[in-house]
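Use the sequences and the hints to build the structure in full.
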Amino acid sequence: MQVLFKTHYDQDIDHLAIRGERFRILAAVGLALAAPLLIDSYFVGELAIFLVYILAGLGLMVLIGFSGQVSFGHSAFLGIGAYAHSVLLGQGVPFLISLPAAALLAGLVGAALGRASSKMHGFYMAIATLAFAIVVETILGEWTDVTGGHMGLEVPPMTIFGVDLGEPWQQYYVILAVVLFCIWGLANLMRAPKGRMMIAVRDSETSARSLGVDIARVKIAAFFVSAMLTGLAGGLMAHLLFYISPETFGVNESLKLLLMVIVGGVGTITGAIFGAVFVTVLPVAIAFLRELLPTSLADMAGLEQFLFGGIIALFIIFEPEGLYGRWRKLRLFIETYPYYKRATFVRQKRYLKTGRFK
Amino acid sequence: MSELVVENLTLSFGGIKAIDDVSFSVEPGEIYAIIGPNGAGKSTIFNAISRIYTPEAGAIRFRGEDLLKRRPHQVVDLGLARTFQNIELFENATVLDNLLVGRSARIRSTWLAEWFFTPEVRREEYAHRRKVEEILDLLDMQAHRHELVRDLPYGARKNVELARALCAEPKLLLLDEPASGLNPEETTDMSFWLKDIKEELGVTVVMVEHDMNLVRRLADRCMALGNGQVMAVGTVAEVQGDATVQAAYLGSAAA
Amino acid sequence: MEFSDVLQLVLIGISQGCAYALVAIGFVFIYRATEIVNFAHGELMMLGAFMALTFAQIIGLNFWLAAALAILSLGAIGYALDAVVMRRMAGESHASIFILTIAIGLMIRALAGMIWGWAPLALDAPFLHDYEVGGVIVGMDRAAVIVGAAILCFALWRFFTRTAIGLAILGASQNQLAAYYSRIPVKRLISVVWAIAAMVAAFAGLVMAPVTQVDTGMSAFGIKAFAGAIVGGFGSIPGALLGCLLIGVAEPFLDFIFPPLKGVYAYVIMLAVLFVKPDGLIPQTFAKKV
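Protein chains in written order, with the working numbering: chain U, 1 to 358; chain C, 1001 to 1255; chain A, 2001 to 2290.
None of these hints come from the bench; they were simulated from the model. Note that the Cβ used here is the ideal one computed from N, Cα and C, for glycine as well. Check each hint, because a few of them may be wrong.
Covered by chain A, according to a simulated footprint, are these stretches of chain U (three or more residues, beta-carbon under 8 Å) [claimed, not checked]:
no.	stretch
1	107-119
2	122-134
3	254-262
4	312-326
Reference excerpt, derived from the structure (chain C facing chain U, CB under 7 Å, subset only) [unchecked claim]:
no.	residue
5	H1073
6	E1114
7	F1117
Now the structure itself:
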């Protein structure tokens, strides 16, 4: 474990100032860049979807983890991004304009939703966003002139500067570039004043307000950034799906994003990445579990939903800090062996004390 | 011109008048204490000044500016900062991060610039951190710089609360019970720091306090509040000698 | 549209609203007692209907006996749910608990599908006659919903405000630690609250089963009931009643006026109300004292 003896503000401000962290991150990026050379084309496609989910999860993380607002309907922004991008491409708009435009549209819708819900708290906002997602899904299904309704919409191919990028590895690199850019930008934002303001709004609105932070503005901006990132993910996802329909972006997708953020670990960028890993691995794990169960049980429809709910429940009860929390504990164990104490992470018991006064 | 002028302030919660026709003024550079029994409305006055509550009648002027026209987060821009009675810190952040949020009123960078972390943003970060280090130096808290607030003891948290308010470079500081819950040694330290704040930084201080020793040592003038109404105004000695104040604290002698 | 048609729709609307209200009362009850928002209440209602079906048709018992057994069994399930799962989460953040209840709801729904299948099943009930009053068809099943909701509201209100247990629950909901110190058996009380709320949900499932058929889609009711409770101002039972009735009555008319958005009008209304009044129609003050 490196002890950093700080002598300059830069060491506080820079990303990756600690040697161990720098090594880990650079190794991961290197591996990501080399992936298409190492693995089969099918897996490159899977990896691309994984990256898109990281981006979508990051979007939701900005909202839930960094600014403390809840959204149970984030798949709506995936859908808006996907459909806007596909429609614009179909109209002949070049890819490099269509994608940011679709993301911007998603961001603006998000900002509007944020403005409407900036006064709501906790689960009011959760239900409101859930309702919003249901309404958006219905609109996408009914607005057949633009979206093709429930018959679905074919996604035009990805072409940049006239070069047709249909191969999985080509799409993979485009997506990787976008995702790395967004991770870098978000990390920048979080170490800068606005990031601190978001966390301030999350932790104590009263004192943030008394320190000059415009709460409403920060919340709406957080919604904007969050929706924009998720919309961007939606646009990229459209290319990987080739064919989109409103059901793809329904409530189940929202729950999947939520699962990602919670299981991954709320409040960190790495948490979103861990969550994406989890969500990608989950269907494989469930298929595996299915093999283990007796056929009568395994064949019942609805087993996936059951296991899905069960895993979320188990994580919330036993590991509320998610996979990232587990990872931190593991790292601390390795770094401080044999002086590791489990009690470092014991949660203090809290009793209910109401904030209501009526 | 007076730094802070409060005129005929009235605020009710439901049917109860929390503040009833309260008027006072604070001169620049002085330490002004507000004392009174619990429930007298002292914190409510602070909440009204920092615009968390809106009074039903009266006026509040800070350096000539009408505060009632401002929203809560604009009050800091004018140069008015406050601390809270029940500490409102960001528990999951480090002391340094808490203080850096205190600089929010002076932030000039935009969201886009911060996404790309331009050199301009980096230069501003240096400037803000330098200011925060000065405050940390003043209050002798360098050792706690990178500790999470939730791991700090109560006395240290009170200091962080004070430091954070100072980081906003205020001209007037509203301190809600700065010495409550502190042991005698910490209270003495606090009194020295408040004196430093007044003399070195030239900040006007208005404080709600129960510790009469602290008030006597520090306050230039003082106001006694009871049942939402002003009982006495003047130097500490005058207020302590006032009959109504003594009756409120000690009860009147049986006839 | 003739006047009798309007009256018909209003009647259907009121009974639908009452059905939402029955579910809403259950989780508002839990919320008032523990400040936990139970998103799985729609699923509990569905479970109640399925249990009644099992007792009445699969085992072949008399309807009223089956109904009583279904309600009691849901009471036991509610108690067990709290004792085994929710108690572990005492003191955790509200968001985590809320998401936990969503997960539990998912599990219950999947389990129901696995056990009883995913196709709708019919429940025979002895109050399926229709009466005609002045051109308006009054279905007894719909009337039963309205009557049931009224009785339950009144009973719960009396319980909370008059009985000792009700007051103990109110105390525990405001300051648990103090309640512990006052010799209130907080843990058991809360499990009882969950049991009662589950029984209310079972009752709702029972009266709605003849109207909508018993299937796993019933749990969607829960979300609309939530919308209703929020419209009225979450946390108050009269508010939940008001909001649910509003949505129940408005839905058939809005469906008629603009069919493409059929089925989601509950949410549109909720979003509209929240935009204007972010705390619902009868707001429950929820501010932190600084």
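Hint-by-hint comparison with the structure:
Evaluation of the coverage hint for the stretch 107-119 of chain U: fulfilled, as 3 residues show C-beta separations to chain A shorter than 8 Å, against a requirement of three. Evaluation of the coverage hint for the stretch 122-134 of chain U: fulfilled, as 10 residues show C-beta separations to chain A shorter than 8 Å, against a requirement of three. Given a C-beta distance limit of less than 8 Å, the hint that chain A covers the stretch 254-262 of chain U holds, as 3 residues qualify and 3 suffice. Taking a C-beta to C-beta cut-off of 8 Å, the stretch 312-326 of chain U contributes 5 residues in contact with chain A, enough for the three needed, and the coverage statement holds.
Restraint check, C/H1073 versus chain U: the minimum CB separation of about 5 Å is within 7 Å; hint holds. With its C-beta approaching chain U no nearer than about 4 Å, C/E1114 sits inside the 7 Å limit, and its interface hint holds. For C/F1117, the suggested interface contact is upheld, since its CB lies about 4 Å from the closest CB of chain U, less than 7 Å.
Hint compliance for this structure: every hint is met.
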